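Novice: Mind docking chain D on chain L? Use the hints.
There are 2 protein chains.
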Amino acid sequence: MFTIVHRIATTEPAEKVLDALTTIDGLADWWTTDVSGSASAGGISAFRFGENGGFDIAVTSVAPDHVGWHVVDGPAEWIGTDIDWRITRDGDYNVVLFEHRGWREQAEFMYHCSTKWAVFLQSLKALVETGTGAPAPRDVQISNWH
Amino acid sequence: MFTIVHRIATTEPAEKVLDALTTIDGLADWWTTDVSGSASAGGISAFRFGENGGFDIAVTSVAPDHVGWHVVDGPAEWIGTDIDWRITRDGDYNVVLFEHRGWREQAEFMYHCSTKWAVFLQSLKALVETGTGAPAPRDVQISNWH
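Protein chains in written order, with my numbering: chain L, 1 to 146; chain D, 147 to 292.
The following block holds chain L by itself, in its conformation from the complex (with noise of 0.2 Å):
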């Protein structure tokens, strides 16, 4: 199995990041304005992507230091998978540590994966910052796989 990580930290409050895991509104302006569903623990949020498809992932934990999520349906790569949220404290810093975690292939797909996560996880630490992220469909374009 192989395993996307990044590594993110801002100086705001950590409230404003769980909210922007665990809230639709909060994930539409960050990840994809189409989404919809339940972002809370237990429930399930619909990711759309355009002709790009997308993810339906279910939230199997919600604490104030951990998200948990699991995709139970989108690419066959992604499904079975797990993403965990963890937010730790390093000074004056929210730390924000990001796995994608059950990948059964190091296939291309993961290599796209990997870098499309940091352009969101740059556009969720903007929204947390500035109030303005960059979600889909107005995310950062960084190969002909959008």
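Please keep in mind that the hints were generated in silico from the structure rather than gathered at the bench. All of these numbers come straight from a predicted model, not from anything done at the bench. The beta-carbon is built from N, C-alpha and C at its ideal position, and this holds for glycine as well.
If you anchor each label on the Cβ, the simulated ranges turn out as follows:
hint	chain 1	residue 1	chain 2	residue 2	range
1	D	Gly188	L	Gly43	54 to 64 Å
2	D	Phe255	L	Ser61	22 to 32 Å
3	L	Ala41	D	Gly183	47 to 57 Å
4	D	Ala187	L	Gly91	36 to 46 Å
If you want a taste of the chain L side facing chain D, the calculated C-beta under 7 Å gives, among others:
hint	residue
5	Val5
6	His6
7	Arg7
8	Ile8
9	Ala9
10	Tyr93
11	Leu97
12	Tyr111
13	His112
14	Ser114
15	Thr115
16	Ala118
17	Ile142
18	Ser143
19	Asn144
Specialist: Relative to chain L, chain D alone:
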């Protein structure tokens, strides 16, 4: 061992990507302005990031579709690791497949470097597409670790 992977693509010529990876002037325009040494096969390049230190990297391979680096000095986590740049073609796009291999631990510093590599790959893409990248010290900051 753990690996950081990324993927970007551009419609600009592969030669521009190769030039940005294999010349000191090119590297200075997207990774760090403080780079010296030789970026050709068999050479060693010294990359510095002000008070954050830097890396000495041996160039192990240069070909039209591949550049190989081996880290010979820098943070303990980086020493002995390998960085591979593969350039492939997908329709109208030249694709850059990036691997940073040989991480002995999935430590928090690896999470940071994964996100930071994505930031610098965006800088590389901007350089070949617009003529202007965002190398250190004017790189995009992602956290308290820069």
